[in-house]
Amino acid sequence: MLKNILNLGDAALYCDFGDEINREINSNVIRYFKNLQKLDLKGVTNITPSYNKLIISYDLSITNFQSLKEKIINLDIKETENNKSKIIKIPICLKDEFSLDLKRLSEKLNIEKDKILQSFLNKEYFCYMTGFIAGMPFLGDIDSKIRLERLETPRVKVPKGSVGITEQFCNIYTFESPGGWNIIGNTPIKVFDKFNESNPLIINPGDRVVFYRINKDEYLKFNE
Amino acid sequence: MNKAYFEIIRPGIHSTLQDLGRSNQYHIGIPFSGSMDKRNYLIGNKLVGNKLKEASLEFAYQGPLIKLKLGKVTGVITGNVAFNILRKNSKIEKGLCYRTFELKDGDQLDIISTNKSVYGYFSIKNGFAGEYIWGSCSVNTKAKIGSNDGEKFGVNQKIYINKNESLSESNKIDYFNSKIEFIRVLKGTNFNFFSEKAKQIFFSKEFIVSKLTDRMGMRLEGQKIENIAEANIKSEGLIKGVIQVPPDGNPIIMLSDHGTIGGYPKIAIVISADYDRLTQLTPGSKIKFKSVELDEAERLYKLYEIETQNILGQIR
Numbered sequence: 011m012l013k014n015i016l017n018l019g020d021a022a023l024y025c026d027f028g029d030e031i032n033r034e035i036n037s038n039v040i041r042y043f044k045n046l047q048k049l050d051l052k053g054v055t056n057i058t059p060s061y062n063k064l065i066i067s068y069d070l071s072i073t074n075f076q077s078l079k080e081k082i083i084n085l086d087i088k089e090t091e092n093n094k095s096k097i098i099k100i101p102i103c104l105k106d107e108f109s110l111d112l113k114r115l116s117e118k119l120n121i122e123k124d125k126i127l128q129s130f131l132n133k134e135y136f137c138y139m140t141g142f143i144a145g146m147p148f149l150g151d152i153d154s155k156i157r158l159e160r161l162e163t164p165r166v167k168v169p170k171g172s173v174g175i176t177e178q179f180c181n182i183y184t185f186e187s188p189g190g191w192n193i194i195g196n197t198p199i200k201v202f203d204k205f206n207e208s209n210p211l212i213i214n215p216g217d218r219v220v221f222y223r224i225n226k227d228e229y230l231k232f233n234e
Numbered sequence: 228m229n230k231a232y233f234e235i236i237r238p239g240i241h242s243t244l245q246d247l248g249r250s251n252q253y254h255i256g257i258p259f260s261g262s263m264d265k266r267n268y269l270i271g272n273k274l275v276g277n278k279l280k281e282a283s284l285e286f287a288y289q290g291p292l293i294k295l296k297l298g299k300v301t302g303v304i305t306g307n308v309a310f311n312i313l314r315k316n317s318k319i320e321k322g323l324c325y326r327t328f329e330l331k332d333g334d335q336l337d338i339i340s341t342n343k344s345v346y347g348y349f350s351i352k353n354g355f356a357g358e359y360i361w362g363s364c365s366v367n368t369k370a371k372i373g374s375n376d377g378e379k380f381g382v383n384q385k386i387y388i389n390k391n392e393s394l395s396e397s398n399k400i401d402y403f404n405s406k407i408e409f410i411r412v413l414k415g416t417n418f419n420f421f422s423e424k425a426k427q428i429f430f431s432k433e434f435i436v437s438k439l440t441d442r443m444g445m446r447l448e449g450q451k452i453e454n455i456a457e458a459n460i461k462s463e464g465l466i467k468g469v470i471q472v473p474p475d476g477n478p479i480i481m482l483s484d485h486g487t488i489g490g491y492p493k494i495a496i497v498i499s500a501d502y503d504r505l506t507q508l509t510p511g512s513k514i515k516f517k518s519v520e521l522d523e524a525e526r527l528y529k530l531y532e533i534e535t536q537n538i539l540g541q542i543r
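Heads up: the protein sequence lines correspond to chains S and B, in order. Everything in the first sequence is counted per this note's numbering, starting at 11 for the first residue and increasing by one. Everything in the second sequence is counted per this note's numbering, starting at 228 for the first residue and increasing by one.
For reference, chain B alone in the conformation it holds in the complex (with noise of 0.2 Å):
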């Protein structure tokens, strides 16, 4: 193993190593996981010329302040971020997202924090060294799976790089995080069990992202929505993006670490294309639901898809 690692001197809200996830284990209860942000990930991971599944440290809100030891490596920092690097040397330089650099032995970087949004990555060539299980090394804290044990990283832990190495070249892109305006959704397997009035209120009015979100769901606040027919159905599957209404008419959106199964009827479903902005909604957050069909909801995400391949394509 390479001995080059970062140490954590401050940990950050909620640090973890994040990859692509792992899929096929729903059935025994372990959900997707990965990055929540998909495209910014990847981004990160094509800037310093990574395969695309490489593990990256995922933060949200404030990130982790680290330290470089026994190696050199270039990094990349993707999101809406702000941070600095602090040289060996006590020089202090103000670090420009979607622009890779070159940390030495003994360089820290201090990621401040996310920008109007929730989650940052930081990629790095070759990798960070990532446990892996069932394919994924993304850390999952409920179920304690994944690298570092499954826990969030703490102060003075060790995060070993994989290969010590430096591109050549410097490398770029400009990319703009656009905010998004509308929600965009697929009505629910239980649309017809809310009141007419109810469906009104998801469709038209604001809803306020609530502080109790993280990794597994977001709790909407809002006007209530109500349930005419039965508060709780036969548990079931769910997947990510599926909003279920509990009793009490707050809508909850499944996240990437969501349970497995659930109970409550689901309203509606975010579509694939707009589920990376979605998970950068900032509690305190205003957002309005938009009714599409499938086949749009299927153009949608080939048009984000390509849109994705077309950013990834402009770096070389």
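So that you can see chain S by itself, here it is in the shape it has in the complex (with noise of 0.2 Å):
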């Protein structure tokens, strides 16, 4: 549950659920940033989830640390839909020129290509939070035989859509953004969506994931 209210800065609260990382945690976090949503605190201007912290900011000029404070700490926390997650079904090409680093991956780990890939698409995995780019979704846990660690000197330009993975966690390229993670392939599918304002994302925290292969013709013709 929620062990510690600390102040980030004068104008956030950081919320320590915990120093761990594991899908009990995380829900605990879920949990309050969806009763959080609900309630709408007045002066409240975002709530962040991540693995085990929740940061809620607020506008100072409307509330204080103090005052937020007591009402985080007196909250009725409720149980809400979230135990029902969906199951998010994504497709990904695996091709040489997609899988930028299974050749570093295969070297490293002194796995075959693809076993590392065929382990990559046997399991289920669990979106633990979205953000640092618009819409990035933080996947986990992948098998421990296919952990590594970020490449030592990060790419500037990752292409969007890359899937890359990253010790216990896999994401989405969602833009081309600069990244570290392990490239293994590439999704048509497009995990961002400006125009739906209401839902812009496939993949939203508590969801599960599974990947599924496509081949290059099936990549290409995804969007048409």
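Since the hints were derived computationally from the structure, they do not count as laboratory data. Cβ atoms here follow ideal geometry from the backbone N, Cα and C, with glycine treated the same way. Hints may be right or wrong, so weigh each one.
If you anchor each label on the Cβ, the simulated ranges turn out as follows [as the list claims (entries may be wrong)]:
#, chain 1, residue 1, chain 2, residue 2, range
1, S, D203, B, S422, 39 to 47 Å
2, B, K438, S, E134, 41 to 49 Å
3, B, L539, S, K231, 52 to 60 Å
Take each chain as given, in its own frame, and dock them per the hints.
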């Protein structure tokens, strides 16, 4: 549960749910997040859930740390429909031209390329959080055998749609962006759609995600 | 839609429409954005008699050269900015900040550059026609959202204006942009990740604003800040003003278009009262940090707000 509330500067609360990363702690974070979204507390400008923390930013001309902290401590947190998380299917093309770091993974882990891909495709993932760049989902946990640290030197440009893995996590680059994750494939699906203002993300925190393999032809025709 | 527009002859370095920014989207990775120097943005809108959330044209360093077509409008430039008005009859008028001027069909506005500051604002009566998403037309070039498909303006583009209207009387205020001596900060949630020496360096040495500074973040150079715990933390939410220290030991201050989550330890957070002036620091500027406590930061923000309201109140 919520362990501690600190101030993050003079305009945000730093709510600490624990040190580890696991689904139980993360579900608590998301439960608080969903309850707070519904409550729409006066002065709150943003609520940012992550693995095990929740940041609540506020307008300092409307409220302040002490008064908001008291409200949060006294919240009656209800279960949310979040428990019925959706399963999202994401197509992924694993051709060499998209699997930029498969060779590196194979060499460093000493596992055949195909085995790495198979292991990756065989698992269902959980969305811990979204963000950094618009709509980027942080998924986990990948099989312990295919875990590797980030690239020593991050790429200046990771192509849009790239699917990357690092440590226990997997993400999808919703935009071309700098980044250091090991890229294993690319998805043609629009993970972030700004024209769908009320529901711009297809993967939201708490959702479950499976990847399915498509060939180059299907990849090219996906958005037709 | 009104037909009148500004044609962009020279776009300037980074010209975008900005307003008060968008809230409640951090959780999907969309930061606040909005005017970097909110006070100057507000003064601009007030001087032309707008509601305080109307879209203004924000520019950085060199501003745009734009020509009004098919309309007339009252405008004003706020900030510390050198600019000229080039009348249709070729007469050149030297522009004065914080004083409204009227532009007619065929007149040009040449925003030459900001002086010893980064951002300036061009506000017009009734505002520019922006495209709204999540309650704001502010451009975020990273997520490509807001006006102009989320891009900065380019040459030959048009910026439409909401309504042809001039003020019957000109308006002005005397305002002086004070330079900030110390950036006041609160200690960050990872303050104790850093060595005693690093803490001492952070609060006593000068840092230099590097060239790698934009609307997303301000990178600093100086003596390295040594981390004695972990160089990375589990990624978590950020807010503007957070000072992260990556493994190389050079602090980065999150600004209005920042990534919404990050995994570097937070040594400190800039107080809200100092944010506007922080954003105006040009590359090469020397800055020093000063530690304050939360109650003082809250008091300083109240003072800053009262001061802003007083300035706006002086404008009729």
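query = Going back to the hint list, which numbers does this structure go against?
reply = none
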